[in-house]
Amino acid sequence: MRLRLYYPITMLKILKYSFYDLMRSRWSYVYFAFYLLLGVVLLFLNNDLSKAVITLMNVIIVLVPLIGTIFGVMYYYNSQEFTELLLAQPVKRSSIFLGQYLGVALSLSMSLILGLGIPFVFYGLFESSAIWDFSLLLVTGTFLTLIFTALAFNIALTNENKIKGFGYAILLWLFLAVIYDGLFLMTLILFEDYPLDKLSLIGTMLNPIDLSRTLILLKLDISALLGYTGAVFKQFFGTSFGFIISFIMLTIWVVMPVLRIVFKSKKKDF
Amino acid sequence: MKHIIFLIAAIFMANSTIAQTIEVCKTCPNSTLKKGIANAKSFDTIVVKNGTYKEHNVIVDKPLTIIGKNYPVIDGELKGEIITIISDSVTVDGLFIKNVGNSYTEDYAAIRVKNSKHFLIQNLVLEKLFFGIYIEKSRYGKIFHNKIVGEAVEEYNSGNGIQLWYSKNVEIEHNFVQHVRDGIYLEFSDFCTIKNNESTLNVRYGLHFMFSNDDTYQDNTFENNGAGVAVMFSKRIKMFNNTFKENWGTASYGLLLKEINDAEIEGNTFEDNTIGINVEGSNRISYKHNTFKENGWAVKVKGACYTNIFTENNFLYNSFDIAYNSKVNDNAFDRNYWSNYTGYDLDKNGIGDVPYRPVKLFSYIVNRTPETIILLRSMFIDIIDFSEKVSPVFTPDDLLDNNPQIKKLTW
Amino acid sequence: MVTIENLHKKFGKNQVLSGVDLHIHEGGIFAVLGPNGSGKTTLIKSVLGMVIPDKGNITVHGENIKKNSDYRHKIDYLPQIANFPSNLKVKELIKMIKDLRKQTDEDQRLIDLFKLEPFLEKKLGNLSGGTKQKVNLVLTFMFDSPLIILDEPTTGLDPISLIRLKDLIKVEKAKGKTVLITSHIMSFVEEISDEIVFILEGKIYFKGSIQKLKTKTNQPDFEHAIASILSDNHA
Numbered sequence: 001m002r003l004r005l006y007y008p009i010t011m012l013k014i015l016k017y018s019f020y021d022l023m024r025s026r027w028s029y030v031y032f033a034f035y036l037l038l039g040v041v042l043l044f045l046n047n048d049l050s051k052a053v054i055t056l057m058n059v060i061i062v063l064v065p066l067i068g069t070i071f072g073v074m075y076y077y078n079s080q081e082f083t084e085l086l087l088a089q090p091v092k093r094s095s096i097f098l099g100q101y102l103g104v105a106l107s108l109s110m111s112l113i114l115g116l117g118i119p120f121v122f123y124g125l126f127e128s129s130a131i132w133d134f135s136l137l138l139v140t141g142t143f144l145t146l147i148f149t150a151l152a153f154n155i156a157l158t159n160e161n162k163i164k165g166f167g168y169a170i171l172l173w174l175f176l177a178v179i180y181d182g183l184f185l186m187t188l189i190l191f192e193d194y195p196l197d198k199l200s201l202i203g204t205m206l207n208p209i210d211l212s213r214t215l216i217l218l219k220l221d222i223s224a225l226l227g228y229t230g231a232v233f234k235q236f237f238g239t240s241f242g243f244i245i246s247f248i249m250l251t252i253w254v255v256m257p258v259l260r261i262v263f264k265s266k267k268k269d270f
Numbered sequence: 001m002k003h004i005i006f007l008i009a010a011i012f013m014a015n016s017t018i019a020q021t022i023e024v025c026k027t028c029p030n031s032t033l034k035k036g037i038a039n040a041k042s043f044d045t046i047v048v049k050n051g052t053y054k055e056h057n058v059i060v061d062k063p064l065t066i067i068g069k070n071y072p073v074i075d076g077e078l079k080g081e082i083i084t085i086i087s088d089s090v091t092v093d094g095l096f097i098k099n100v101g102n103s104y105t106e107d108y109a110a111i112r113v114k115n116s117k118h119f120l121i122q123n124l125v126l127e128k129l130f131f132g133i134y135i136e137k138s139r140y141g142k143i144f145h146n147k148i149v150g151e152a153v154e155e156y157n158s159g160n161g162i163q164l165w166y167s168k169n170v171e172i173e174h175n176f177v178q179h180v181r182d183g184i185y186l187e188f189s190d191f192c193t194i195k196n197n198e199s200t201l202n203v204r205y206g207l208h209f210m211f212s213n214d215d216t217y218q219d220n221t222f223e224n225n226g227a228g229v230a231v232m233f234s235k236r237i238k239m240f241n242n243t244f245k246e247n248w249g250t251a252s253y254g255l256l257l258k259e260i261n262d263a264e265i266e267g268n269t270f271e272d273n274t275i276g277i278n279v280e281g282s283n284r285i286s287y288k289h290n291t292f293k294e295n296g297w298a299v300k301v302k303g304a305c306y307t308n309i310f311t312e313n314n315f316l317y318n319s320f321d322i323a324y325n326s327k328v329n330d331n332a333f334d335r336n337y338w339s340n341y342t343g344y345d346l347d348k349n350g351i352g353d354v355p356y357r358p359v360k361l362f363s364y365i366v367n368r369t370p371e372t373i374i375l376l377r378s379m380f381i382d383i384i385d386f387s388e389k390v391s392p393v394f395t396p397d398d399l400l401d402n403n404p405q406i407k408k409l410t411w
Numbered sequence: 001m002v003t004i005e006n007l008h009k010k011f012g013k014n015q016v017l018s019g020v021d022l023h024i025h026e027g028g029i030f031a032v033l034g035p036n037g038s039g040k041t042t043l044i045k046s047v048l049g050m051v052i053p054d055k056g057n058i059t060v061h062g063e064n065i066k067k068n069s070d071y072r073h074k075i076d077y078l079p080q081i082a083n084f085p086s087n088l089k090v091k092e093l094i095k096m097i098k099d100l101r102k103q104t105d106e107d108q109r110l111i112d113l114f115k116l117e118p119f120l121e122k123k124l125g126n127l128s129g130g131t132k133q134k135v136n137l138v139l140t141f142m143f144d145s146p147l148i149i150l151d152e153p154t155t156g157l158d159p160i161s162l163i164r165l166k167d168l169i170k171v172e173k174a175k176g177k178t179v180l181i182t183s184h185i186m187s188f189v190e191e192i193s194d195e196i197v198f199i200l201e202g203k204i205y206f207k208g209s210i211q212k213l214k215t216k217t218n219q220p221d222f223e224h225a226i227a228s229i230l231s232d233n234h235a
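Residue numbers (my numbering), protein chains in the order written: chain V, 1 to 270; chain C, 1 to 411; chain G, 1 to 235.
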């Protein structure tokens, strides 16, 4: 029993130290201040909670992945010596990397949630009908942070060269945020004579940014989505099915890269 | 004026003939409605007491007032039409009519008015019906405060709640229609007023006009129908202050305009519809002070539509504000509020300094390949929409609102 | 104590260790020497489990280290470059390492020894290289483990601290511990070590006492002995 408990406890300890370390770093403040500013400015400009939430959604699904990847890669490279120090301690490798990963992901998520949450709460979020949309926004943002930080750790673990690592991180973001959708759109137009609803849903599932976007569409644009005839579409968007599947897929998107972190870290030389 | 003269005349005639009140109840000499009518003289009042009367093909052939006390049930036992009015000046009030016969050849109704004037049908409850209230070649009547609840599932074997055919000057007010084919249907019927009705959950349309002119409908609510309201091949229809809500589905819309000329659409609210207004081949229509909120498409324009003018409407959080399927534009947008507007107002006059383009390139793409809708709000789509906005290639370049409002309009 | 059998490691195309066999018995100070890139650090890191060997076995205290982290409870390691999370204070770092390994009071004695008291509240990012190395030493010596591995322990130390370090190592040896050291400072090695392990081109070239090395190379002093190995092999 003691042995079994040992594993999560050391991981939590590392998580704790990484988290403290980050919470004191300049970057967490910058990130937090950025979201705070974004929230305040949007509310100030729009005078309208629901419109501010919509604008935020558009910003979140693009920006959170970018910040998650860059920050993840940066943290990994910056804490290499610390990692080596930990590696010489009687601690499992997976505990070290999962602890660090969770430390980064959680501190980023916290900056996001607090940074956006504070201005919205002051603006009267709890009395507003936008609260569900806003909660969805934060949940999606947290998922994206978890996913893209994990992907960043994967990139950093496989690339010793910092410049290369950063390059791949930016490229990954650019691909998933923009290029993927371009290719996706071309494919759909190219094969427009064929039934496409399954293909388009699968295409969405394979990209976590698109997946989060779909969750938001389900909330904001359900009227438009129901205009399309496909039966699969209808089942997906017309029922809670779409919601559940999207969340399952997001979870898979978190789990897969995390497992790869564990796997890669076990084989890596330091 | 006409009504008052009619009323005075009615009172005068009633006095002169010494109108009587006839009671119908299970234990009375007049144990059925049919017997009551047979034994009544013109301008008598028949009071139907509480109870169930299994009757159909009840013909009202003289001016009578039929009043139900505590909602007596007239049960047609699915055998055919239940009440048919073929005389002027008939009032039917307070009956619970159910089990209208279903047929593929005859349009059986719970209550039909045929070639008559000055009818009043009010406070009825209709259930298990084929057609509800059917007005045929009749004028100057009123259908007031009825509740019609059908069980329609398919279009082909169901009837309409309230139907007007070749009728004029009919007022339809405060009715509540659910689960039929069309909530209210007007064919070749002019100068009618449809007011304060609630038409919901119908298989086809909440309200449907065909070849009907100079009608007005206002303050009605159309919610959750196959489609809200369809106005087809009609002229000079006034549509004021109605609410069109949650008409969801493929080719579903709040309002369909097809071959409509010279209509006025004012003060309506379109909310949560797949398409707010679907316009096809309609000209000289004024859209003013309407609110389009959270629709898939606020307005979809198909085919040639000329001189449609949109002024001072609110377009709030629609997935698409306006969609066109052609490059031709002869419609004007002015002084509307667009929640998607991203311009600025440096001179602080409440009007945005750069024009707003309500048609996005992406709406053309979706029109062509519907599945691409899944890419809505993607950054890639934003980029191509932006480039189209900067230099329009596919969208009509004169389609813009030169005076977009900075603040939501209130009237 | 430490047994290494047929250890192979390749980084990319670069074969760093090619069949290292080494037995280090309990007690005494062992210096691992070799030219740059000969595989000293790789060997040490293999023992620590930081480098995963391609082939071969390593046992520490009779425990195979493969897929194991618990054996590291018995090792104190001093890494070569002391670069700690810059946002942590010295005190917190010490606390954290204790938290991860086990509680001890030994740290206070070491802090006093290296005069680190005034730095405890400072962030690690603001310390000089020498002070960091002292912190590094505290972290290493505060646990009373039977095996101590020191990778370039003298880096950045002032003469007084160097003397204290030597004393510290001697005290540990006196307790019967095993100490593995890599260093470039030959005088330091000569002074402190009981046995030399010389690695050359990924293999153990020599293992034995300094006296034996001098005899083998036929050189009067240690530095020349090393130099002659290198020149012989590169000539």
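No wet-lab data here; the hints were simulated from the structure.
Among the hints, erroneous ones may be present.
Partner residues are not named here, just some residues of chain V that face chain C (Cβ under 8 Å, in silico) [unchecked claim]: (1) 51; (2) 133; (3) 158; (4) 160; (5) 217.
Computed from a predicted model, the values in this text were never measured in an experiment.
Beta carbons are placed, not taken as given, at the ideal position from N, Cα and C, and that holds for glycine.
Structure versus earlier hints, numbers of those that do not hold, lowest first: Of the numbered hints given earlier, those the structure breaks are 2, 3 and 4, listed in rising order.
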